[in-house]
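Asks: So the sequences go chain by chain: D and S.
Numbered by my numbering, the letters in the first sequence go through residues 107 to 253 in order.
Numbered by my numbering, the letters in the second sequence go through residues 511 to 647 in order.
Simulated from the structure, these hints should not be mistaken for lab results.
Small disclaimer: the values here were computed from a predicted structure and weren't measured.
All C-beta atoms, glycine included, are put in the ideal place defined by N, C-alpha and C.
One should not assume that every hint holds.
As the list claims (entries may be wrong) - Have a look at the derived ranges for each label pair, beta carbon to beta carbon:
#: 1; chain 1: D; residue 1: Pro144; chain 2: S; residue 2: Ala630; range: 25 to 35 Å
#: 2; chain 1: D; residue 1: Pro137; chain 2: S; residue 2: Gly523; range: 50 to 60 Å
#: 3; chain 1: D; residue 1: Ser238; chain 2: S; residue 2: Glu632; range: 24 to 34 Å
#: 4; chain 1: D; residue 1: Pro185; chain 2: S; residue 2: Arg640; range: 30 to 40 Å
#: 5; chain 1: D; residue 1: Tyr212; chain 2: S; residue 2: Gly621; range: 15 to 25 Å
Below, each chain spelled out in residue letters.
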Amino acid sequence: MTDNAIALRVAATLAFEELGLLSVGSAVDTPSALEALPAAVSVAFDGAHAGCLTLRVSDDVFRALAENMLGLDGPDAEPWRWDALGEMANVICGNALPYILGTHAYLTLAPPARGAPPLSRAASHVELEVESGRARILLDLPGERRQ
Amino acid sequence: MIDRAEAPGADRGPLCVLVVDDSRVMRAMIIRTLRLTGLSLGTVHEAADGLAGLDILETEPVTLALVDINMPRLSGLDMLARLGRSATGPRVIVVSSDGSDARASQVLQMGHGFLHKPFAPEDLRDAVLRALDAPGR
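So here's chain D without its partners, still in its complex pose (with noise of 0.2 Å):
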């Protein structure tokens, strides 16, 4: 595992565990089909470094996220399923790109939005076993330092 997946995953880890109430397992070798993790959103981010996270679960997982966080299951919670798995990510996001970055780093990070972007091969992943489901958190960063 390398130093960026490293981080992902103990900010992933984080995130389930405090925000999202879910245990999460051990790093998955190999990973699941895109349709096993139906639900995506990223986080691009900008400032000292740009790129995007983006963060793939299970559909057990994604229901799980707002069921927990605000006790909200059955139709009405579908739209806050995308705000909790949003928020999730945006967390991920904030708490990795330290470990990877730096610490005296600015960056300015923007909202979540629902999907994945296409991303470049030199893009980091992990995927975690969370609860019975899988997540999987990719981070690219194609750009070069900014002065």
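Model the placement of chain S on the given structure of chain D, informed by the hints.
Replies: Just chain S, lined up with the frame of chain D:
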């Protein structure tokens, strides 16, 4: 059940709170967590960005504002810069997932509290009590 008379901060009277965050999940979580801490809460206002937050502060007697940084229209830091810091203004805690030392230092130098997401209920309670006890009012 927490006895309201013994709730932390109860001697100050109910807090009039403003939560400014573009994520309604985070606003709901912060309010839910505030209630769990046993702090004595009065009216709780919500705003989805800095401009909406300033509008509320113009008309409501807010004693405590919890403010996100990255928001559309007007960021939390720009909102606080416009608000300034006065003896009669609200105590402010910036709540952000930005874990960089640079950001935390920037907020602390502005004279506000800083709470890093994710946080435990006791972290929020402690941050609120610190903000209320901080000198300057």
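Asks: If a hint holds in the structure, say so; if it does not, say that too.
Replies: Hint check results:
no., hint, in the structure
1, D/Pro144 to S/Ala630: 25 to 35 Å, "31 Å, holds"
2, D/Pro137 to S/Gly523: 50 to 60 Å, "55 Å, holds"
3, D/Ser238 to S/Glu632: 24 to 34 Å, "30 Å, holds"
4, D/Pro185 to S/Arg640: 30 to 40 Å, "34 Å, holds"
5, D/Tyr212 to S/Gly621: 15 to 25 Å, "19 Å, holds"
In the structure shown, no violation is registered for any of the earlier numbered hints.
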